[in-house]
Amino acid sequence: MTALSQHVIDEIRELPARFPQPRSAVMPALDLAQEELGHLTPDAMTEVAAALNLDAGYVEGVATFYSLFHMQPIGKHRFYMCTNLSCTLRGANELVDHLRKAIGVREPGEVSKDGLFSYEGVECLGACEYAPMARLDHRYHYDLTPEKVDSLVEERRNPRPHLTSPQGGEGPAPPAHPAPHPHLTSPQGGEGLAPQPRKPRAPRKKKADG
Numbered sequence: 751m752t753a754l755s756q757h758v759i760d761e762i763r764e765l766p767a768r769f770p771q772p773r774s775a776v777m778p779a780l781d782l783a784q785e786e787l788g789h790l791t792p793d794a795m796t797e798v799a800a801a802l803n804l805d806a807g808y809v810e811g812v813a814t815f816y817s818l819f820h821m822q823p824i825g826k827h828r829f830y831m832c833t834n835l836s837c838t839l840r841g842a843n844e845l846v847d848h849l850r851k852a853i854g855v856r857e858p859g860e861v862s863k864d865g866l867f868s869y870e871g872v873e874c875l876g877a878c879e880y881a882p883m884a885r886l887d888h889r890y891h892y893d894l895t896p897e898k899v900d901s902l903v904e905e906r907r908n909p910r911p912h913l914t915s916p917q918g919g920e921g922p923a924p925p926a927h928p929a930p931h932p933h934l935t936s937p938q939g940g941e942g943l944a945p946q947p948r949k950p951r952a953p954r955k956k957k958a959d960g
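Counting from 751, one number per residue, gives the positions in the sequence shown under the numbering used here.
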């Protein structure tokens, strides 16, 4: 019996075609595995390595290096709270304290009693201009306040399908390099205004002969 479903294994096998080198597919493959199981087991990492035709030791090394991957069970919804300088100067530490009380935990990695939540403090997530911010599951949330944190927690405790995505947020996952582009995202949550089409240029006038 495999740790991962055949559907996830098939998805992982398709990943290398999207990248210049198979090794580049390791992180999205591990993300798929963790999304299905909730954390990464030794068997799951071995299956990821086999699906990508990579050395199992290399895959495990990637998994243990990045703080977004977990070797132990964690909450279904995971807050990654940025605690770097920009966010700290704008109240990140106070937000972390508020979040701990809101979900009922005392330490990073601790799972709430209902199994829904856990949190980690992480380094810069690439959106300093919108500090304080956090990643919740696969969605970035900007300019956070205690009230916004309470709203995010409540939405996941009592989800309404027409308001939330299957990932538990308001929209799709961020790109591989998720720093928001100021012309494509808004400080309120990433949707923002769409880029405006360019106006066609007026035809150039021909110079008179002579």
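Everything labelled a hint here was simulated from the structure, so no lab data went into it.
Among these hints, one or two may not hold up.
Derived pair list, reagent style DSSO-like, types lysine-lysine, alpha-carbon separation capped at 27 Å [claimed, not checked]: (1) LYS898 / LYS851; (2) LYS863 / LYS826; (3) LYS851 / LYS863; (4) LYS851 / LYS826; (5) LYS863 / LYS898; (6) LYS898 / LYS826.
Label-pair restraints from in silico Cβ distances [to be verified]: (7) ARG768 / GLY807: 21 to 27 Å; (8) ASP864 / TYR808: 22 to 28 Å; (9) ALA767 / ASN843: 27 to 33 Å; (10) SER755 / PHE815: 41 to 47 Å; (11) GLY876 / THR796: 27 to 33 Å; (12) PRO858 / GLY811: 39 to 45 Å; (13) PRO778 / GLU879: 22 to 28 Å; (14) GLY811 / ARG910: 38 to 44 Å; (15) ARG910 / PRO772: 39 to 45 Å.
Note that beta-carbon positions come from the ideal geometry of N, C-alpha and C, so glycine has one too.
Structure-based check of each hint:
{"no.": "1", "hint": "LYS898 / LYS851", "result": "holds (14 Å)"}
{"no.": "2", "hint": "LYS863 / LYS826", "result": "holds (12 Å)"}
{"no.": "3", "hint": "LYS851 / LYS863", "result": "holds (12 Å)"}
{"no.": "4", "hint": "LYS851 / LYS826", "result": "holds (17 Å)"}
{"no.": "5", "hint": "LYS863 / LYS898", "result": "holds (22 Å)"}
{"no.": "6", "hint": "LYS898 / LYS826", "result": "holds (19 Å)"}
{"no.": "7", "hint": "ARG768 / GLY807: 21 to 27 Å", "result": "holds (24 Å)"}
{"no.": "8", "hint": "ASP864 / TYR808: 22 to 28 Å", "result": "violated (36 Å)"}
{"no.": "9", "hint": "ALA767 / ASN843: 27 to 33 Å", "result": "violated (43 Å)"}
{"no.": "10", "hint": "SER755 / PHE815: 41 to 47 Å", "result": "violated (26 Å)"}
{"no.": "11", "hint": "GLY876 / THR796: 27 to 33 Å", "result": "holds (32 Å)"}
{"no.": "12", "hint": "PRO858 / GLY811: 39 to 45 Å", "result": "violated (22 Å)"}
{"no.": "13", "hint": "PRO778 / GLU879: 22 to 28 Å", "result": "holds (27 Å)"}
{"no.": "14", "hint": "GLY811 / ARG910: 38 to 44 Å", "result": "holds (41 Å)"}
{"no.": "15", "hint": "ARG910 / PRO772: 39 to 45 Å", "result": "holds (40 Å)"}
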